[in-house]
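Visitor: Chains A and B supply the protein sequences, listed in that same order.
The first sequence begins at 1029 in the numbering used here and counts up by one.
The second sequence begins at 1029 in the numbering used here and counts up by one.
If a hint is listed, it holds; no wrong ones were tucked in.
Pairs of lysine-lysine residues, derived as DSSO-like cross-links and limited to a Cα-Cα distance of at most 30 Å, are as follows:
id : chain 1 : residue 1 : chain 2 : residue 2
1  : B       : 1197      : A       : 1246
2  : B       : 1246      : A       : 1197
3  : B       : 1262      : B       : 1133
4  : B       : 1307      : A       : 1241
5  : A       : 1307      : B       : 1241
6  : B       : 1355      : B       : 1367
7  : A       : 1241      : B       : 1241
8  : A       : 1312      : B       : 1307
9  : A       : 1367      : A       : 1307
10 : A       : 1241      : B       : 1197
11 : A       : 1246      : B       : 1246
12 : B       : 1197      : A       : 1307
13 : B       : 1241      : A       : 1246
14 : A       : 1307      : B       : 1262
15 : A       : 1241      : B       : 1246
16 : A       : 1307      : B       : 1307
17 : A       : 1130      : A       : 1262
18 : A       : 1241      : A       : 1193
19 : A       : 1197      : B       : 1307
20 : A       : 1307      : B       : 1312
21 : A       : 1263      : B       : 1307
22 : B       : 1241      : A       : 1197
23 : A       : 1262      : B       : 1307
24 : B       : 1263      : A       : 1307
25 : B       : 1312      : A       : 1312
Label pairs and their computed distance ranges (CB to CB):
id : chain 1 : residue 1 : chain 2 : residue 2 : range
26 : B       : 1359      : A       : 1064      : 43 to 51 Å
27 : B       : 1236      : A       : 1269      : 20 to 28 Å
28 : A       : 1269      : B       : 1261      : 28 to 36 Å
29 : A       : 1245      : B       : 1241      : 16 to 24 Å
30 : A       : 1233      : B       : 1256      : 36 to 44 Å
31 : B       : 1268      : A       : 1312      : 18 to 26 Å
32 : A       : 1315      : B       : 1263      : 38 to 46 Å
33 : B       : 1062      : A       : 1329      : 32 to 40 Å
34 : A       : 1246      : B       : 1110      : 54 to 62 Å
35 : A       : 1329      : B       : 1241      : 31 to 39 Å
Note that these hints are calculated values from the structure, not bench results.
Heads up, the beta-carbon is just placed ideally off N, CA and C, and yes, glycines get one too.
As a plain string of letters, each chain reads:
2 protein chains.
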Amino acid sequence: MAICFLSPAKPISISPLIYNKKPAVIRCNFSLPTITTTEPEPVFTSVRSFAPATVANLGPGFDFLGCAVDGLGDFVSVRIDPSVHPGEISISDICGTHASIKLSKNPLWNCAGIAAIATMKMLNIRSVGLSLTLEKGLPLGSGLGSSAASAAAAAVAVNEIFGGKLEVKDLVLAGLESEAKVSGYHADNIAPAIMGGFVLIRSYDPLELMSLKFPEGKELFFVLVSPDFEAPTKKMRAALPAEIGMPHHVWNCSQAGALVASVLQGDLVGLGQALSSDKIVEPKRAPLIPGMEEVKKAAMRAGAFGCTISGAGPTAVAVIDDEERGKEIGKSMVEAFSKEGNLKAVAMVKRLDRIGARLVGSVPTR
Amino acid sequence: MAICFLSPAKPISISPLIYNKKPAVIRCNFSLPTITTTEPEPVFTSVRSFAPATVANLGPGFDFLGCAVDGLGDFVSVRIDPSVHPGEISISDICGTHASIKLSKNPLWNCAGIAAIATMKMLNIRSVGLSLTLEKGLPLGSGLGSSAASAAAAAVAVNEIFGGKLEVKDLVLAGLESEAKVSGYHADNIAPAIMGGFVLIRSYDPLELMSLKFPEGKELFFVLVSPDFEAPTKKMRAALPAEIGMPHHVWNCSQAGALVASVLQGDLVGLGQALSSDKIVEPKRAPLIPGMEEVKKAAMRAGAFGCTISGAGPTAVAVIDDEERGKEIGKSMVEAFSKEGNLKAVAMVKRLDRIGARLVGSVPTR
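Please take these sequences and the hints and turn them into a complete structure.
Guide: Rendered as structure tokens:
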């Protein structure tokens, strides 16, 4: 990754012409309010940031509750680049083990780029050009908030290079510009990617976020098992029911409440139980991922407190309070994907990330 | 009330014949498990209990979240009565300011009676007969959990006279027998009436309850404004939508989560906001109560943190952190009921009850 960070920048200038030709993208740059009244000076010549993977659609927390996962995520490096037109950003490199080949270096079509542009707009940056390097630690389309991690890392990096003038909510708004482009206007990945821990999206207009603090001193591990399978996004969306019967609505609402209470109380048994209790989305989506239903059963048999689909899949997520037991659970889940779904899968056991996107390196301007 | 307590018992014997003739009622007496293996001895000759009013259907907490209200509720007195057939209970008197004339003294058709019988059954009482006096402090059909308060007070009184062998969950189950008879198998009134505070009903089979602790030292007042109007129960039920669109489902789920978090964090502003945010039930029911929509607006204008319908109405409930401000809010709400709904209304300002049903008097057996 160090090599990636140090690779020479290949600026892509974003001319006003491009904006004019692509009105859908203009929104990224012009729909957001300018937060700072005066243009801030850069305080670093370069920064490097990290943003964690996230698990959204947490069972009954569908579309409004997500959490961050430690030790797994994307890095973004941003540096002041005199060769880039002032007020613009270029993506100099995209690297990493995961499918970077699929990602565009055009900042208008790249999650990190869109979020970086939105952040620059909010900061009112007009005099400095930036170049950005994206290091993908997350696989694309796995249900682990890959796009949100890139956007979160970029928003934080741009904000920090100019002295961190923006608030967390502004950074989420910047990241939302990117999410809206790639996966819909949903904050349940981008908010925890930026804020860490569990985040409840209370409303979008205005954006209201609730950070749900899982008690310090309590351990929470996620067993993340990703099968070698492309979850058909269109099918996953089409599987969602348009209408929900009152009994299922009441049930899922009560489980959502129980999930929130369990998080705040650090009740892992209750959290797992709530996570596993979705009667609306998971029952429709699980059959579209070969083996998923058996994988969940295998996780529970192996001692997991709960298990569901991470995001829109195909990753399965189980929760446990012990890393070693997590590894055993992961093994059982991988076996079930193989036996019942005929899919190869890899398991990881990761802690709850309590911090969210952060600076991991910087070079001061003087 | 003392007069009521001391009024002479008029036992109504419940013969097995009556059970046989009314199979719907048999469930009250025979569907519950016997909890105690040996029949407990009475430890008091008489006891007196109190159970508080409750506010259920808390906005987005529809059908699964309720809370108890201090200083407002029903009293039940129970005494060992040799003139009552062993293992049976009679209702000797029903008194109080609120519509006691409507209530049956047949224990099989009275909330307190059904809950008392269920509790006796769980305790395996075969050798002692009881007589019961019900003092109604709550109006019927007001949306303040009147039936649940009677049932809760009766269950606690019977349990306590035999030494308090049953657990809280058993008492809720006993009370549920009564609720099932009068208003459906919903625990969102009976559970907080017995347990106090906020209670989330997590599941019914098995019954799982979560007590949500509102932080000590934080004040929470309910402004309860009851108009002189009979909420048409059938209409109120018929108004509920059978199917709910996904966006409204997600919205209400997120608000339910926010409500739970606000309760646990003692965030009254957040609690009020969530309480007011229901997009599914309240918008359908409020128009059936003359003036309700304007009453809510009046409460908010007067400074309430939130306002919704209590239970199925017609009482409106607003929340605030100060008693005096609560009185002002209540005044505004009463005025709005008068002006917009052409209804007389009375306002009360009451604290959150954190205790639930309890013994308030007893006479030991020796």
